[in-house]
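**Q** The task is simple: from the sequences and hints, build the whole structure.
2 protein chains.
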Amino acid sequence: MQAIVQTEEKVTASLELQEVPVPTLKPGEVLVEVKAAGVNRADLLQTQGNYPVPAGASEILGLECAGVIVDAGDTGQTVGQEVACLLTGGGYAQYVAVPEGQLMPIPEGYSFVEAASIVEVACTVWSNIGMLAGLQKEDTFLIHGGAGGIGTFAIQMGKALGVTVAVTAGSTEKLKTCKNLGADILINYKEEDFAEVLKNKADVILDIIGAKYLSQNVKAMAKDAHMVVIGMQGGVKGELNLGHLLAKRGTISATALRGRDEADKARIVSSTVENIWPLLQSKEITPHIDHTLPLAEAAAALQKIQDGTITGKLVLAV
Amino acid sequence: MQAIVQTEEKVTASLELQEVPVPTLKPGEVLVEVKAAGVNRADLLQTQGNYPVPAGASEILGLECAGVIVDAGDTGQTVGQEVACLLTGGGYAQYVAVPEGQLMPIPEGYSFVEAASIVEVACTVWSNIGMLAGLQKEDTFLIHGGAGGIGTFAIQMGKALGVTVAVTAGSTEKLKTCKNLGADILINYKEEDFAEVLKNKADVILDIIGAKYLSQNVKAMAKDAHMVVIGMQGGVKGELNLGHLLAKRGTISATALRGRDEADKARIVSSTVENIWPLLQSKEITPHIDHTLPLAEAAAALQKIQDGTITGKLVLAV
Ligand SMILES: NC(=O)c1ccc[n+]([C@@H]2O[C@H](COP(=O)([O-])OP(=O)(O)OC[C@H]3O[C@@H](n4cnc5c(N)ncnc54)[C@H](OP(=O)(O)O)[C@@H]3O)[C@@H](O)[C@H]2O)c1
Ligand SMILES: NC(=O)c1ccc[n+]([C@@H]2O[C@H](COP(=O)([O-])OP(=O)(O)OC[C@H]3O[C@@H](n4cnc5c(N)ncnc54)[C@H](OP(=O)(O)O)[C@@H]3O)[C@@H](O)[C@H]2O)c1
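As given, the protein sequences belong to chains A and B, one line each in that order.
At position 13 of the first sequence the residue is numbered 13 (the UniProt record's numbering), and the sequence of numbers has no breaks.
At position 159 of the second sequence the residue is numbered 159 (the UniProt record's numbering), and the sequence of numbers has no breaks.
I should point out that these hints are in silico values taken from the structure, not numbers from a laboratory.
Just to be clear, a hint being listed does not mean it is correct.
You can't tell identical chains apart in this list, so a pair holds if it fits in one copy or across any two.
What the hints assert, rightly or not - In silico EDC-like pairs for lysine to aspartate or glutamate, Cα to Cα no more than 16 Å straight-line:
| no. | residue 1 | residue 2 |
| --- | --- | --- |
| 1 | K159 | E284 |
| 2 | K212 | E239 |
| 3 | K176 | D290 |
| 4 | K190 | E19 |
| 5 | K219 | E192 |
| 6 | K26 | D261 |
| 7 | K223 | E262 |
| 8 | K223 | E297 |
| 9 | K26 | D71 |
| 10 | K223 | D261 |
| 11 | K283 | E108 |
| 12 | K223 | D264 |
| 13 | K219 | E196 |
| 14 | K212 | D193 |
| 15 | K159 | E297 |
**A** See the structure below:
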């Protein structure tokens, strides 16, 4: 099969389409013919050598895809079934092996490209904000990087769940995108200190910046707030004032989806389908796709992520 | 009525028994004649000016007591009823006003002294470890300061819930106390690094040290661990490596019981009575009282807490 292979260590530009063997199935896996693969910032980090591949996972990039089951292996799945898939790797290819628990239906009326664009963000945002932080109606929900792939999804989910959504972004244009998706409080972090704007107000925070925002996030927390760190674009080591955190009775979690075991992923996939798929169906959440590129242009796609010029998601068509 | 009054700011030794007015009841409160009042480290901090009294709370020390209802106010409670009480202050006195939601039954066969010794620790440990961190059977539960008032209770609760209990303490004698209460893993922090002993093993951590232990606690965390900081005997400002926390998918909370509003306290009191009172009744948890002093000796009692010579709880008999 054709797949994207990195020919030079740490050089994103060295990604190219090559012939590699079709994956062999382990028990409980199905083989999916990939029609579209979502592009994630983690893919970029992986090409740069900053995101180790979990033990046993495919070396090929790609954390989500949509396609058709072509071999059901030892599972009870149906060949020919169209599916969206949460992957631990392997999406940038013609075929990928997928544990049964990581298969999801394609929401009615969704294209393969749309479905492939939504899996990783939906599972990431729902597992952290719904399942872990327990976002409640009437909460104030602060989303950093509101115009990114994660952010554009999180804004819509927040609005669908009836919360007040505050976002940070680095330009007027990106904030406009956030506003169009329903965001209530718009903060240009280049012009304003979000912690001043939201002081003691944020019940739930979805953070992708890490160390650089740690103190400010604690300042923004309301009583009993829960902040979840899923990215560390602003570094890993920060000062935490536990006295300030205790005054808020605050909680800080840091999580990653990829390293979870299969049982954990299956639990998340099933809760995401139960809670988020109806919102996709009713169009309360719609995919926000910047544009689509052919699989062969994976290197160019990751370069665009690097450049920070993308609003929403990039998808590779296979 | 007689009550303990502080005559010199920040001087613990200046506590003395004085005549003060009996508290007047607000709606939803009952008047309790105090028979015994538990002594807490927070009382010491308060006399030193390091624990501000929440707005509207009594200036008199004392976060827990047991006694008899002498005025039911506008509630449906019964005069003459013996009760244990979670207080926001006011326990070091002959009478105290108590919101109805903070009354608890006295476990059968318990003396006033025993009941007064258990309220604050039971509500603190259960709300943090049961309700917030969700301690599960088969977890490894790390308790810092295992021989203290909080620690001796937490060890017994952990064992009653079927978990593996690890404790830290500063002497062989204190560790022996922990062992007698059922602790499985005993760590003398003056001789060993607990983070090495428990590396990647602790599912739930109850921390009273704060900043000084922050990095070591993260190191001790197992996957999906939850650590709750309730004391900061080792300072407030620490470095947090979010990369290390994310590798564990860890959660850090910091909480205090006293500042919670009445509804929140009532919720905690009722869950504690539901989950912990049966364990007191069945003697799976027994109060661990170092000794009892008369109310007039409150200053001496707090001096003993300061000196660190107490194992378990001190109680004032009124
Ligand atoms: N832990 C997990 O399981 C998991 C899963 C998925 C994603 N992630 C992480 O989540 C992050 C977001 O992913 P993504 O797919 O949404 O990436 P993305 O589409 O590239 O978006 C990243 C966003 O970050 C914004 N940004 C950069 N610096 C910022 C700052 N100082 N304040 C606010 N926003 C800032 C950028 O917008 P501006 O130009 O406005 O700054 C951009 O929109 C990444 O770090 C990714 O690795 C983690
Ligand atoms: N946030 C809340 O809601 C809340 C409620 C109740 C209590 N607290 C806090 O919880 C803490 C414990 O309360 P307590 O009533 O149990 O106090 P305590 O009876 O005085 O016990 C404190 C314990 O800390 C131990 N300790 C001191 N330094 C230590 C270290 N480096 N490592 C391990 N243990 C150490 C002492 O034992 P060693 O001699 O062995 O060191 C002592 O047994 C206090 O800080 C208190 O303020 C908080």
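**Q** A separate judgement is required for each hint: does it hold in the structure or not?
**A** Okay, the hints, checked on the actual structure:
1. K159 with E284: For K159 and E284, only the intra-copy Cα distance (8 Å) is at most 16 Å; the inter-copy one is 47 Å.
2. K212 with E239: both (9 Å within a copy, 12 Å between copies)
3. K176 with D290: Result: close within a single copy only, 15 Å intra versus 64 Å inter.
4. K190 with E19: Neither: 45 Å inside a chain and 60 Å across chains, both beyond 16 Å.
5. K219 with E192: For K219 and E192, the Cα distance is within 16 Å only inside one copy (15 Å; across copies 36 Å).
6. K26 with D261: within (15 Å within a copy, 54 Å between copies)
7. K223 with E262: between (35 Å within a copy, 14 Å between copies)
8. K223 with E297: neither (47 Å within a copy, 37 Å between copies)
9. K26 with D71: within (12 Å within a copy, 71 Å between copies)
10. K223 with D261: Result: close only across copies, 11 Å inter versus 33 Å intra.
11. K283 with E108: Answer is within; shortest intra-copy Cα gap is 11 Å, inter-copy 58 Å.
12. K223 with D264: between (30 Å within a copy, 12 Å between copies)
13. K219 with E196: within (8 Å within a copy, 33 Å between copies)
14. K212 with D193: within (12 Å within a copy, 30 Å between copies)
15. K159 with E297: neither (34 Å within a copy, 58 Å between copies)
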